[in-house]
Every structure is written in structure tokens, then in C-alpha cells.
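Engineer: Could you use the hints to bring the two separately framed chains together as a complex?
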Amino acid sequence: MGTARLSSDALKSVGLLKDLLTHPYLVLAVRLYIGGLFIYASMYKINYAGEFAETIASYQLVPYWAVNLLALVMPWTELICGLFLVIGFRARSAAAVITGLLALFSIAVAISLMRDLPIGCGCFHALGEQMSWKTLMRDLVWLMLASYVYAFDSALQIEKNFFLSVRDL
Amino acid sequence: MQSDTSQLQSAFEQVQKTRTELDKKVFFLETLLETSRELSGLIQPKRIMDAFLLMTMGSLGIREGLILLLNTNSRQGSLVQRGIPESEAMHLKRNLWPIYEQFYSQEASAGLSTSAPKILNRDSLPDYSPLPGQTEVVLLWSIDQEYCGLLGLGRKISEEPLEEDDYSLLSNLINILISRLSHALFTKNIQQLNAELQQKNLSLNETLELAQRARADLDRRIYHLKSLYELTAELSPIAESQALLETFLLNIMGTFGISQGFALVYERSAQTVKGAARGTNRQLQITAKEADKLFYRCLDSAAKRSMEPLTVTRLQDPALLFGDLGLGMNVQFAAMLVVDRSALALVGLGATLADLPLSIEEEQLLFAQASSFMIFLKNVRAFETIQCLNEDLTQSNQELRQTISDLTEARHTIKVLEKAKSALKSVLQRQADRIGRVSVLDVSLILLAALILACAFNYANPNGIPVLPKTVFQAPIAEIDAVTARTLQQSGQAVIVDARPPEFYNQKHIADSVNVPSALFEIIYKMKLARLLNSETTVIVYGRNISKHYDKLVAELLLAREHEQVKILSGGLGAWEQQGYPATH
Chain A
114 MGTARLSSDA LKSVGLLKDL LTHPYLVLAV RLYIGGLFIY ASMYKINYAG EFAETIASYQ
174 LVPYWAVNLL ALVMPWTELI CGLFLVIGFR ARSAAAVITG LLALFSIAVA ISLMRDLPIG
234 CGCFHALGEQ MSWKTLMRDL VWLMLASYVY AFDSALQIEK NFFLSVRDL
Chain B
973 MQSDTSQLQS AFEQVQKTRT ELDKKVFFLE TLLETSRELS GLIQPKRIMD AFLLMTMGSL
1033 GIREGLILLL NTNSRQGSLV QRGIPESEAM HLKRNLWPIY EQFYSQEASA GLSTSAPKIL
1093 NRDSLPDYSP LPGQTEVVLL WSIDQEYCGL LGLGRKISEE PLEEDDYSLL SNLINILISR
1153 LSHALFTKNI QQLNAELQQK NLSLNETLEL AQRARADLDR RIYHLKSLYE LTAELSPIAE
1213 SQALLETFLL NIMGTFGISQ GFALVYERSA QTVKGAARGT NRQLQITAKE ADKLFYRCLD
1273 SAAKRSMEPL TVTRLQDPAL LFGDLGLGMN VQFAAMLVVD RSALALVGLG ATLADLPLSI
1333 EEEQLLFAQA SSFMIFLKNV RAFETIQCLN EDLTQSNQEL RQTISDLTEA RHTIKVLEKA
1393 KSALKSVLQR QADRIGRVSV LDVSLILLAA LILACAFNYA NPNGIPVLPK TVFQAPIAEI
1453 DAVTARTLQQ SGQAVIVDAR PPEFYNQKHI ADSVNVPSAL FEIIYKMKLA RLLNSETTVI
1513 VYGRNISKHY DKLVAELLLA REHEQVKILS GGLGAWEQQG YPATH
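Chain order of the listed sequences is A and B. So for the first sequence, the numbering used here puts the first residue at 114; every next one is plus one. So for the second sequence, the numbering used here puts the first residue at 973; every next one is plus one.
Simulated from the structure, these hints should not be mistaken for laboratory data. For clarity, every value in this text was computed on a predicted model and none was experimentally measured. Any given hint could be a false lead.
[What the hints assert, rightly or not] Derived DSS-like pairs (lysine-lysine); straight-line CA-CA distance at most 25 Å:
1) B:Lys1393 x A:Lys273
2) B:Lys997 x B:Lys1065
3) B:Lys1090 x B:Lys989
4) B:Lys1261 x B:Lys1246
5) A:Lys273 x B:Lys1261
6) B:Lys1018 x B:Lys1198
[To be verified] Distance ranges between label pairs, derived from CB positions:
7) A:Phe237 x B:Val1412: 23 to 33 Å
8) B:Lys1393 x A:Ser245: 53 to 63 Å
9) B:Asp1405 x A:Ile220: 48 to 58 Å
10) A:Leu129 x B:Ala1491: 53 to 63 Å
11) B:Val1388 x A:Met250: 38 to 48 Å
12) A:Met250 x B:Leu1440: 12 to 22 Å
The beta-carbon is built from N, C-alpha and C at its ideal position, and this holds for glycine as well.
Excised from the complex, chain B in its bound form (with noise of 0.2 Å):
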């Protein structure tokens, strides 16, 4: 009986020690179910370790306890622990990769595996740690290649050491944990993958967004290029300055859809003013003086005040400043370009036709494309240059040519006067050899020159005689032989009239003649004749010699007072005295 009893006893005793073992286990097996029950929720790090550590303590009935999570690449870690005074977890904080290089770098070359846990007990800890003095036991595991860890806990609250069992339940724990810190570590890195990749696709689009406008400032700079490109196409071919300027401004107004603008260049140098205007109706008509004017407002107007060659300025209250040139239109925009020194050009342009003031860019353009234009102004003025200087080279050749052909004429008209010289030279010599002699020639020219001013002063002079006697141009007057006209002074049918100067009728004439010279005829006509003579009465009329007919003189005179019967007395007192008949001295 005792037999059975001590039997019984000890099968009670082993089934008591077996329920006790399945107690055990079951415990740890609720344990483990609990601790991965409580993990399951938890997705941080830290809260998991410290839901672990709490779990693991409590079910071992462990007063003190520690886990390091700790990142091999950044060498950072995590810490959390229980029942540590605060001055030896501050010091664990400082210390977390000392630690790390006690452990892991000497267990590396053991091999660490991500499976099984290695545990060190108070006997394998090293001497010197900066674990605190009452750590019992230390388990170190590894996730990955990136993290480890490490647990360490100090004694039983039952001061008992820790069985195998505990240490087979600490090594399932310790898996728990790694898959639970596993795949909140993955979950996390999942979660910074997102939230990189959200942040990537945020700089994405705002690269992209930057893109658009890197692309929408490419069109518009190439759209500008292009308008620069036009105008410097346009401008290129253009040899004048009046002409330029009308295409800068046609092609300015077009590129910003402007419909009404002018534009004008004063030269200061020579006071002339080219101007042109566009979308008006009315003429720019401008003096120099008053560019002059206009052109110092505009200074005082401007933006920056410099007189600096090639610059562009933009001027302040346009409409105000170019108000009074009467071009009837509402300026919004204007610009004043410095060509150089003595060449100023201005720019005035309306509203735009979506009456939009100028974008920043858009005035950047209008500047670049009036630097441009100021580039092709200044060659055309300097081309004009050239070709006025090519003018007045031209005019001067044809000067000097001139001169040249005057000179040469000059040096024929030199030897036509050295000719001249020399025959004159000769004549002088003759002459001068002439003054002793007696020239048929100075005799000649004498009696010429006698001629001619007679002539002359005879026509002018009233008192004036006929080169040739009127007796000349005269009919003759029919004549009468001595005989015939001796019967009719005899028979009484007849007068004889001496028309001789009273001297030569004195010396000797006809018997009974009465003497009518020329001269006295209206008298003695009238006193001595008139009564002589009848209409039946011959009148026989005698005297002429060489010099003179003074017979017909006055028988034209007698024809004239109506005697028919005038006859002059053929040969004269010559005939007369031939025939004898008498004569009276």
C-alpha cells in the first residue's frame, strides 16, 4: 500500500509537475499570443518597443529593461526603457553607438542572423558596458542589413535567475518583435517612399509648371527674335533715313498691334527734321527750333537723364509732352533714342488695339528693336555722309576739271595774246617806223575818215546839202538853138533869162536878158519877171558851165510857176556869141 501510495504521490507529483510545465506553457503561449496581439496594432517603432518591452516585463516579472533599435547607415537609434533611473538612460542616449560597436562589431564576424536572436547572459557580458550595472541579460537580433537591436533586462522582481524557459520565450518574443518592428519599419519606409514620392511628384509639377513657363517665355522670346529679325530685314536694304523711319514705325505699330503712332529724327548738327506719323491724318510738321525744345522737355521728362550714344529712354506722361504737335492722337507710350551727339530720334505710339499698356517684355522688344533701328540710322547717316562727301568730290573734280579746261584756255588765250603781243609788237615798230614817213595809208584814212564824218554831220545837220545836185535826178528840159531863140527875142515872142550869179552876168550877157540867179529868183521873179512874161511868152533860159546848170535850176523853178513855154538855150552864151549876136559887157 505504501508502495502504491508512494506511487501514487509521485505520479501525482509528476502529473502535478507536468500541469505545472503545460501551466507554464500555456502562459507563455498566451503570452506570446498576448504580446502579438498588442503588437499587431501598433505601427510606430517606439510604441511598439515599448508596448514589447512593457509585455515582455510583465510576463517575466522583470524589474528593469531596455531596447536600442539603432540604424547601422544613419547610426542613429532608438531607446526605450523601464524602471532606469533618468541619469543612466540620459547616459545610454549619449552612448547608443559605443554600444553598438561593443556588440555588433564583434558579433558581426559571428554572424548575426535575422532568424535567432543571441543572448547574453551576466556571465558573457563584457566587463566594461555602458548598459546599466543591473542589466542580467542581453539579446541582440537584427531586422536587416540596416537595423539591430537589442534588449536588455535586469532581474526578477522574484530576484530568481532566468530559466531555459524564459529564455526560449524571451528568444519568441524577441521574433515577435523583430517581425512586428519588421514590417512597421517596412510600413514606415513604405510611407516615406510615399511620402518622397508625393513630394517628388509636388517638384514635379512644379518643375513641369515651370517648364510651361520656361516654354511660354522660349515662344514669346523666339516671337520676339522674330520681330527683331524682321525689322533688321526690313531695315537692312534701306539707304535713307526718311524711309527708315517710316518702316521702324510701320513695323513697331505691327508688332504690337498699335494703330496710331509717329516717330522723328532731329539732327542738331545741320537743324533738320525728318518725322513721320501713322493712324493720323494729319502731317508731322515740325521747325528744328521747336525739335529743339521739344527734345529738352523730353530730357527733363525721361526716365534716366543720359545723353549716352545708342540708349533708348522711356519718357514719362507722354500724352502731356507730345500734346501740343497737334497730331491728334492720345500718346500712351513714348521713347527717347540717343542715336549720338548730334542725332535724337523720338517714338510716340497709341493705345494698343486691346488697349493693354505694354508688358514689361513688350517694352524690352520696342528697346531692342529701337537699338536696332539706331544702328541702321547711324550707317545711313553715315552712308548719306559718304555719299554727300562723294558729291561735293565729284563737284570739286568737276571744278578742278573746270579749272583745269580754264587753265588750258587760259594758256591758249596766253599764246593768242603772246601772238597778239608779238604782231602787235610789229605793228607798233612799223608805225613807229611810220611817224617820219608820209604814208599813202595815213592819207587815205584821213580822206576816209573826212567822208565818213561828213557824211554823217551832213545828214544830222538841218542846213544839210544832197551828196549829188538835185540837177542830176532831174527830166531834161527841152532846149532851144541860139538861132531860133535870137528870132523869137526879136519878134518879142521871147524873154532870155541869165540864171548865172549877178558877178558873171555883170561881166557879159545876152542883150536884153534879165538876170534871175537861183537864189534871188522869188524876188526878182516877182519884182522884174512877172510882168515881162505872159502865158504865150517863151521863156529861154541860158547859163551852166562845168560846176553848175544854173539854166535848168531855174527853169525847173519857172516850169514850177506854171510857164509851159520854158526852154533852155542849147550851148549857152557860148552858141550865142558863135552866131554874133550881141552880148552886152
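So here's chain A without its partners, still in its complex pose (with noise of 0.2 Å):
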């Protein structure tokens, strides 16, 4: 009997615990984490494309002629993602596509590491400091934070908003 009261204040507390961490205001304050995250990530790239090219041509992974293409695009889809995430609109397409680019950015980062490349990450700078596993692990938490997003992300989407308003029209 003992045992059983136990085990229902620990689902409790397990509930308890689950509710807090899926606390739409939590979400969305890991959601404006990561959007402004990007935003400001994308800002140096944006500027400096020539640089963000080199660091990606570093990785060495990417074919030599579509270098270019993706250090002008890939900064830009990360404001759009970061600014999408911040005022809560497409919000889950956007923690989407940011998961995704973790994701790439952590399995670049992992084989880099495999192939000790002496390169920097690249990351915000392109004279950042050498690449470790360090930055594995940087880039996994924030490939899970941004997972943790697009799973209970729920507060503040202003097209929700809208849709409701429009629903109620």
C-alpha cells in the first residue's frame, strides 16, 4: 500500500515535472532562445559571404561549385527561421528547418572531428577558436532545444491568433 502511495506521488511529481517542462511560456522562451540565436548568427555571414565560403569549403564536404550558393543562402534561411521562430509565425516549420540545419551542422561538425580538420566552426565567426568536441556537444544541445521547440512549441504563434480571429469573422 505504501509502495503504491509512493508510486503515485512519483507519477505525480513525473506529470508535475512534465507539465513544467512543457510550459508553453518555457517553449517559447527556448524559442526566442534559438530564433534570436540564429538571427544573430546569420547577421556575420550575411555580411562576410566570402568568409562563410571558405569556412564551409573547410569542412570539406560540400562540391566545390555549390560552395557559393550555399553560404549566401544558408545565413538567410537562417534569419528567416530565427525571425519566423521569434514572432511565432510558421513557427514549427521553422524549428523544423533549423532542427534540420543543427542537425547537418552537428553531423559536420562529428566528421570534421573524425577527420581532425584544423578548422574553426564557423559558427558566428570565421576566425572562431578550433573545433572540438566541445562544439559537438554545443550543437546537439541546441539541436535538442530546438527539437524541444518543435514539439511543444505552442505560445504566442500570431497566425494562430489570426486564424482564430478570422475563424470567429
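Structural biologist: Structure below.
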């Protein structure tokens, strides 16, 4: 009997913890963080596309003719998705794209680490510190946070409010 | 002897008696002759009667006498008397007709002939008679059916009664009187007839003159009516007020033989002026405001200040009134036409060709023509108003049609909008449903937007990069295999250049190779490489990966420095190491 009560309390605690962890405002905070992070990351890359192209090239994963195109498009994708996350427009799709990007980054970093390439990750600046397993961990944490946003985000989505208004009309 | 004497005496007496009788007869005949002669020169009945009375009374020795001549038709008569007191004469004059009735009414049945007078002596006279009391004998006679007479005589001076001879003489004398009176009355009748004839002639002449005047008047009236008819015929087909005005002006100028003239119509409500001028080379140009003032002045100088519709008024001092119009014509006659309260007209005419003023009849004709013109003008205005209304109606119809088509279009638009609304609704529904989902479309759109923005920003960015790297478009550079390269390096004929970034060079590179990354090419070339190279030295460049052809970039830079012997190491560091040639870590 005592065990059952204990397990019931534990279940309650788990439920409470789950509620706490999936609280919309917590998810919103994470969403804003990830969105801001990507907006910040895109700024330098957009301004200095040539240097970002060098960074991509240093990973030795992309064919040489696609490097420049990727260097141009990827920062803008980051910026748009970051903005969408911040304002809550198409947040789920943006979170999905960001999750995909972070997955790609993590894979690239992992491969580079495995290939022992002497390069920086180039996530925020061209002249960043040397890539390390820490970098991979960081990327994986971000990936997890993005997935979390993708899974639980529900607060302050402007289009949801907009469509609710339209439905009311 | 005694018997002879007695016989002689008897014979003498007989002769004496015969002689007396003869003398008497001679006397009677002489009297008759004398009377006839006396009366023959006279033509006035009264004078004839007077002379006859005198002769008769003288020849018979009678103191009083009277003659009455009575007209039975007119019941009037004339009296001539001698020796009768004045009072009795007056009494007689007053009682002429009672005398006639007394003597003739009863005598008419007895038969009164013109040839034989009837003699009434004292004994046969009525007891009561208007005739004077001393009348001894009355002779009644008749001239014709119209005239009859009465001769009354008093006693003889000798107081003797009238004898048979006297009566015979009287009868003859009366015949002479009847003859003379008949003649005189006939003459008088003829004279009277003549006078009447002359009078009738005169009146006939007057009538003829009147007839001629009437004919001339009639001719003029016909001419006027013809003019009016022509004006009416000319004005009737016109349906436009300006043309009507010009035709009217031309017609009246032609009718009265006038060389200069003008006419204008002023619509007060519409504030429009229409004018026409003939016989002058100047145009009649007048504004509505000026026309308003002009009509006020005209009303001041109008013969009768009336604003009754369809009236024509003659204007005084036309030359002064229209002097400032600047038409260059001497206006002799002008009239103001009041068509109605809102439309007024003016007509001004110069001198006629004969330089005579218009007569009253001509003025009347002009007024009649003006009246006719006003009626036509009123009709034309009504017609124009109807036309305007028709046009308005047509326009309204068109607008209505346009409105209907607009409404139809709007209905179509509404239908389209409703369709769009339902489509939008379904889109919104879909979008709303999509909010919670990740869609390929969203991702594609994000990527497409990123691509477009990236290209646009890169195009405008001064630090922009080409979408495809330069090396894609550069001509291939001659390659050299690792063996030849090694030979050339060992013989000192070649310098091997590592084109990769320093991090990679530091990690591993061909022994004795020089690290010249393209970013630092200018500095390293000047500081280090220039000293190692001459025109004969072959520069062998290596260093490329899947993402970047560093060797080709640096080789291009060297070729640009006019080094002809620039070659790319085929297979790079991998091929070098495969041959077992030394590489430095």
C-alpha cells in the first residue's frame, strides 16, 4: 500500500515535472533563445559571405561549385527561420528547418572532428576557435532545444491568433 | 215814225247791249290774255298765285281774296291772301288741313277733275268754315293726284253779286292758274329732281372715292396679309432660335425696304443673348449683363411700360438708345418684344430706301409680324426645351443603362468575390489546419525566400561573391604527375607550392614545399617566393579538395605574374604520398 502511494506520488511528480517542462512559456523562452541565436549567427555570415564560403569549403563536404551558393543561401535561411521563431509565424516549420540545419551542422562537425580537420566551426565568426568535441556537444544541445521547440511550442503564435480571429469572423 | 223810232231805239238798245256784251267779252278775253301773259314769266307757285289773285281781284273788282295750294301727300300747303285781316290770315294758316278735309274729303267722292273747277257760291258753302266770313264764292280745283287748290273770293267793291260771266271768267282764269301752277310745279319737280340728282351724283362721287380708298386700303391689307403669310411660311419650318431671328430680320427688312437692321433675343433665365445684324459689316456682340442694362433702358423709353407676354412696344429715341451698341447704323425705328417673363427681344431698323418714316399701317404690320415672330420664337424655345429635356432624358437613360451594367458587373464582382471568399475561406481553413503541422511547402517557401533574398542582397553587397566560383570558368592548367615533379624538385628546377590554408599546411605538406595560400599570395610571393623563382623554374602547385581548388587559384595568380612554367600536381598530396615521396607533418 505504501509502495502504491509512493508510486502515485512519483507519478504525480513526473506529471508535474512534465507539465513544467512543457509549459508553453518555457517553450516560448527556448524558442526565442534559439530564434535570437540564429538571427545573431546569420548577421556575420550575411555580411561576409566570402569568408563563410571559405569556412564551408574548409569542411570539405560540399562540392566546390555549390560552396558559394550555400554560403549565400544558408545565412538567409537561418535569419528567416530565426525571425519566424521570434515572431511566432510558421514556428513549427521554422523549428523543423532549424532542427535540420543543426542536425547537419552536428554531423558536419562530427565528421570534421573524426577527420581531424584543423578548422574552426565558423558558426558565428570565420576566425573562431578551433573545432572540438565541445563544439559538437554545444550543437547537440541546440539541436535538442530546437527539437523541444518543434515538439512543444504553442504560445504566442501570431498566425494561430490570426486564424482564430478569422474563424470568429 | 214812232214805230220806226221805237224800232230804231230797240235796235240801238240791242246794239248797245250787244256792244256791251262784246266789250265785256273783249274785257274778259283781255283779262285772260293779260293774266296768261302775266303768269307766263313766273315760275314760283307762290308768286304765280299772288299775281293771279291780284289779276283776278283787279279784273272782277273784288276786295278780299285768297288762294290755297295743298299737297295731299305731305299735308302741307301755301296760302296767298289779299284784303284779309292779319288775324284771320293767321287763323287760316293754322287751319289749312281742316279746310282741305272740309271741302275735299266730301268732294272727292263727287269727282274733282283737273280740267273743271268746282264753284261753290255763298249759298252752297257750309255753315261753319275756317274760311273768312266775307267769302262769297269758293272755287275748288285740282292740279293732279298730289296737289289741289282753293280760291276764295269776297264781295265786289260794287257790292254786286257775281254774274254768270264772272263765273265763266273765273273758271277760265282758274284753268290758266292750274296750267301755270302745274307747269310751275312740274318745273319745280324737275328742279327738285335735278337737285336730288346732283346730290346723288355728289354722294355717288363721294362713295366712289370712298370705294377707291377702300380698295387701296384693301390692297394694302392684302399686301400686309401676304407679307404676314410669307413671314409665317418662312418661319414655320425653322426649329432653331438663331435661324428664326435671322429670317425674321431679313423678312421685315425686305417687306419695308429697309437696308439696315438688327434684332436680338435675350433669355433672362438662361442669361444668353442671340443677335443678328444686316446691312452692316459689324457683328452684334453683347453680353448678358449688357443686355440686361439695355432692356432696362428700353423699358424706360418704351411707349407703354408693360411686361405683358406677347406684347410689342415702340421705343422712343432709338438712335440714342442703341448708339453705344457700335453697330454703325442709324436706327430710325425700334420696338421691344416681350415674349414672356424670361425672354425679351429687340428689333431696330434703319431708314427705308425712300427715306420715309414708317406709316401707322406699316407700323401695325410690323407689330403683327413681330407678334407672329414671338409666337414662333415661343414655339421654338419650347421645342428647344423639349430637345434639351430629351437630351437629358437620353443621358439619364444612358446613365441608367450604365448604372444597370455597373450593377450587373458589381453583381458579377460580388459573385466572384463570394467565390474568392469561399476559396479564401477554404485556404484559410487549410492554412489554419496547417499551423500545427510542418509542411514541405513551408520549408520550400522558406528556402525559396532565402534564395531570392540572398541573391538580391549579394547583388547589392559590395563584398558580394559570385554564385559559382571563378575556378569553374578558368581554363584548365597543365598538370604534372608526382614522379616528374619529384624529379624536377630534386634537380632544383622546380619549386613546389602548397596552396592550402596554413592550418592544413601545418598539419601535413610535401617536403620542401612553400605554403602560399591565395589570401596571402601577394605578401608571401614578395617575401619568399620571388627569391626562389626565376624564369626557368617550374612552379608546381598542389592542394585541392572537394570544396575548393586552392592549387588552381594560386597557379592563376602565378601565371598572372608572368611565370610561364606553372603546373598543377596531378593527384596532389595523396598522389605524392602514394609514390612514397617525403611529406612533412
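Engineer: Decide, hint by hint, whether the structure agrees.
Structural biologist: Structure-based check of all given hints:
no.	hint	verdict
1	B:Lys1393 x A:Lys273	holds (20 Å)
2	B:Lys997 x B:Lys1065	violated (36 Å)
3	B:Lys1090 x B:Lys989	violated (30 Å)
4	B:Lys1261 x B:Lys1246	holds (13 Å)
5	A:Lys273 x B:Lys1261	violated (73 Å)
6	B:Lys1018 x B:Lys1198	violated (64 Å)
7	A:Phe237 x B:Val1412: 23 to 33 Å	holds (30 Å)
8	B:Lys1393 x A:Ser245: 53 to 63 Å	holds (58 Å)
9	B:Asp1405 x A:Ile220: 48 to 58 Å	violated (33 Å)
10	A:Leu129 x B:Ala1491: 53 to 63 Å	holds (57 Å)
11	B:Val1388 x A:Met250: 38 to 48 Å	violated (58 Å)
12	A:Met250 x B:Leu1440: 12 to 22 Å	violated (36 Å)
Of the hints listed earlier, those the structure fails to meet are numbers 2, 3, 5, 6, 9, 11 and 12, in rising order.
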